[in-house]
Amino acid sequence: MQGSILIFQVLINGLLLAGVYGVAAIGLNLIFGVLRVANIAHGDFMMVGAFIVYSLYTLGLSPLIGIPVAAGVLFILGLLTERFLVERVVSQPMAYSLLLLYAVSILLRNAGLNLWTSNYVSLNVIPGSLHLGPFTVSEIRLVVFIVAVGLTLAFTFILNKTIAGKTIRASIQHPDLAGACGIDVRRVRALTFGVGTVLAGITGTFFIMLFSVNPEMGDMMILKLFAIVIVGGLGNYLGTFAGALVIAMAETFTGFYATTQFADVAVFSIFLLSLILRPQGLLGGRRAA
Amino acid sequence: MKVRLTFGRQFGLLLIVLFLLALVPAIASDYIVTFVLTLFMYIALAYSWNFISGYTGYISFGQIALFGVGSYGCAILILKCHVPWLLAAGMGSAIAGAFAIPLGLIMLRLKGPYFAVGMMGLFQFLAALAATWKSMTNGATGIYLPPVSALAYIYFAFLGLALALFLTTWKLEHSVFGLRLRTVKEDEEGAESLGINTTFYKVFAFVVSALGCGFAGGIQVFYVSYVDPSTAFPAVLNITMIIMSLLGGMGTYWGPLIGAALLGQISEFLWAHFPYFYLILYGCLLAFIIIFMPSGIVGYFRKRRLLREGIGLSLPQDPVKLELAKEES
Amino acid sequence: MNETILSIENLTKKFGGLIAVNQCSFKVGRGSITGLIGPNGAGKTTLFNLVCGSLKPTAGEVFLQGKRITGFSPHRLARLGVGRTFQLSRVFKGMTVWENLHLVPAPADHPGRSVNRAKDLLQAVGLENMARAYAGTLSYGQQKLLEFARTFMLDPELVLLDEIFAGLNPEEVERQIQTIRAFRDQTRTTFVVIDHAVGVVLRLCEWIVVMNQGEMIAQGLSREIETDQKVIEAYFGSASLESLMKEDG
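In order, the protein sequence lines correspond to chains A, B and C.
Here the first sequence is numbered in this note's numbering, starting from 2 and rising by one per residue.
Here the second sequence is numbered in this note's numbering, starting from 956 and rising by one per residue.
Here the third sequence is numbered in this note's numbering, starting from -5 and rising by one per residue.
Chain A extracted, bound-state conformation:
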């Protein structure tokens, strides 16, 4: 039964990938929920995280140090981006924030290209593979998956059980009312954007340990993230996982049976299909937060 083992193998890889995508997608959803802004630069923030870890690694520092450093840098970067750029267009028509974040995306991407050239790089930190029965799982994928799930659970816990989380949820559901209740909405916005970019950045660090990436990775990533958010429904956290599963599976399966370029083609096709077939994706989902 070689065939079915192979399929399960691909399924497992897809699942592991979905966990990783989920983290970034949560960040995107969060930013949209609180700021009502679609973060076009989310993929590029991922790239920043990836390359910070990469640079530190080439300087001899292990990712165990690199990842927290990247998280810190991205949090500050996100805070500053929100405070000085996004905040100014928050009350304007959506076109403005779209264009502004597009500008940020261009900035980040080209700064990246300048600093690290367009070569593809990867970090081969944990090269081994585990053998679970007939299946082979590369260790790094498993580790990353576990961390991703951990992050997701921690994040869900924070969102639902802590005051900070409740503040954020209040700001999502009723920004005006939240302000009237004494919540400093501006601060919440800045911090939320920071958290969103941290989640993106950490996902980026995962990526560079799993795949080869280059500073232009933001391009494809944002498309995949949007596909996830569309399939899952914008603002619908449970849906995000479903969306991440769909996209990750599609990518893994096509990547396995064809080349990676076809995988990209597949993702775009799913993006288009979900837009045509799933109007709820356009209209947003029920809010789970």
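A hint or two may mislead.
To be verified - Straight-line Cα separation of at most 30 Å, DSSO-like style, residue types lysine-lysine; simulated pairs: (1) B:K1126 - C:K87; (2) C:K87 - B:K1258; (3) B:K1126 - B:K1066; (4) C:K87 - C:K113; (5) C:K87 - B:K1066; (6) C:K50 - B:K1066.
Keep in mind the hints are simulated off the structure, nothing from the lab.
Model the placement of chains B and C on the given structure of chain A, informed by the hints.
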């Protein structure tokens, strides 16, 4: 002292300018001719972007996809069907326009960010397709074409395209059709309740934009005598056409011209002095424009004039944001 | 009074588990001013949306002058002569008053004459001096009048007014009432009015339809509805409708 520019005077001025422009290939050096023809291409692209994104408010981050369709369409027609180049460029444009009809019907149903990212995705997708569909496009190697005989032909082709798009935009601003198109940006739902078929107007603008980009792509292909995925789908041009339109003034009919002219100069300078940083500077420029002068140069002067005359403009509520917020509750 | 211009049969709209409109049926006579009232969340605006095409019904049918129009798109309905105003004024703020009127497509059956039409309408609502002003500079009351006039550029048979009195001071309310009556008397246009100001609706409208929680609970002449027990209970429990009317005259 203000000189009243009547329609007759404006038209006369235009003819004079056109006449002067027509003399350029005869009297100027190749370098200058190249510079000006590139400017015309920028103008054409800026007007094409402005037509869809400026007037309907549907921000596209991938109109250059249609440029690529026009490029490849033209190149394949020249190579495989031996069509004369100008006709091939026109047919490439028509292909882009025809493609834009179903594409527009699908994509323009989407709200702001989805449409924007969707077009971005289309652009990646087509570039990837061009690289992999070797039988049609020769993949990454590209297609070589017979070299152009005289620069003047390209010059006049781009001039003609830029002029056509300018006049179309002008006509749009001065017609009831244009008014109805602009309601899409103001308030789509309200427009629908008045009997305006917004889908028709949106797709119309999208197709015109595609025709413009496609034709530019076709001419450009003949100009460089070569096409491959990166010249057909140049990411830089994608960014440039957006910034030019915004700098001059999105949704106005002088805007793209002013923006393209200014940025054309600036980009020459930047390219010469900061070959690696100039895109970063573009990003900064775009951010600056959005924050400090979102209506561009034209908008800035218009607001000043209106304020002086004592008329204020209130910001319309953003229907897209209202809808996206409504949908989630 | 006479012929039926709008007929709604068993119209139902479900949003997932929520039934916003449940099997509503009623008829509207040509030339009448009909009111649609009910407490908050009764489903009035949803009903409007169903009739005007912004929402597609889950079940039921809508007929305009005997012809089925269920589920038609908004712009098609507008061309067929169904006009509609919105709760928040939706004039195009970046365009002038004149442009707002002029861009409305001429009705399918008699094109042309739109310039005269626009002038007459502006005069009818008293905005003839503001023709060149940007709609965004108008006061709220003026914007509502503009929206009203603009709807008439369609030469509609039926106009649905959604909270047209919201945000108006008493003087403006009176003016709006006069305007509606004048239009109806001169052009025999049929009006259906939703508003929270129950007193105003009872005064303006001849026939009232009352909804509560998605269902129709009563319909009849205004003076009948004033004292209808079911209606009073729907609004307040057992307090009287009269005291509600006293508030907003």
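Structure-based check of all given hints:
Of the pairs offered as hints, the one joining K1126 of chain B and K87 of chain C holds, with about 22 Å between alpha carbons and a cut-off of 30 Å not exceeded. Restraint check for K87 of chain C and K1258 of chain B: satisfied, since their Cα atoms lie roughly 15 Å apart, inside the 30 Å limit. Proximity of K1126 of chain B to K1066 of chain B is assessed by CA-CA distance (about 27 Å); at most 30 Å being required, the pair is judged to hold. Distance hint between K87 of chain C and K113 of chain C is fulfilled; the C-alpha atoms sit about 19 Å from each other, no more than 30 Å.
Distance hint between K87 of chain C and K1066 of chain B is fulfilled; the C-alpha atoms sit about 21 Å from each other, no more than 30 Å. For the suggested pair K50 of chain C and K1066 of chain B, the alpha carbons sit about 20 Å apart, so the restraint of at most 30 Å is met.
Hint violations for this structure: none, all hints satisfied.
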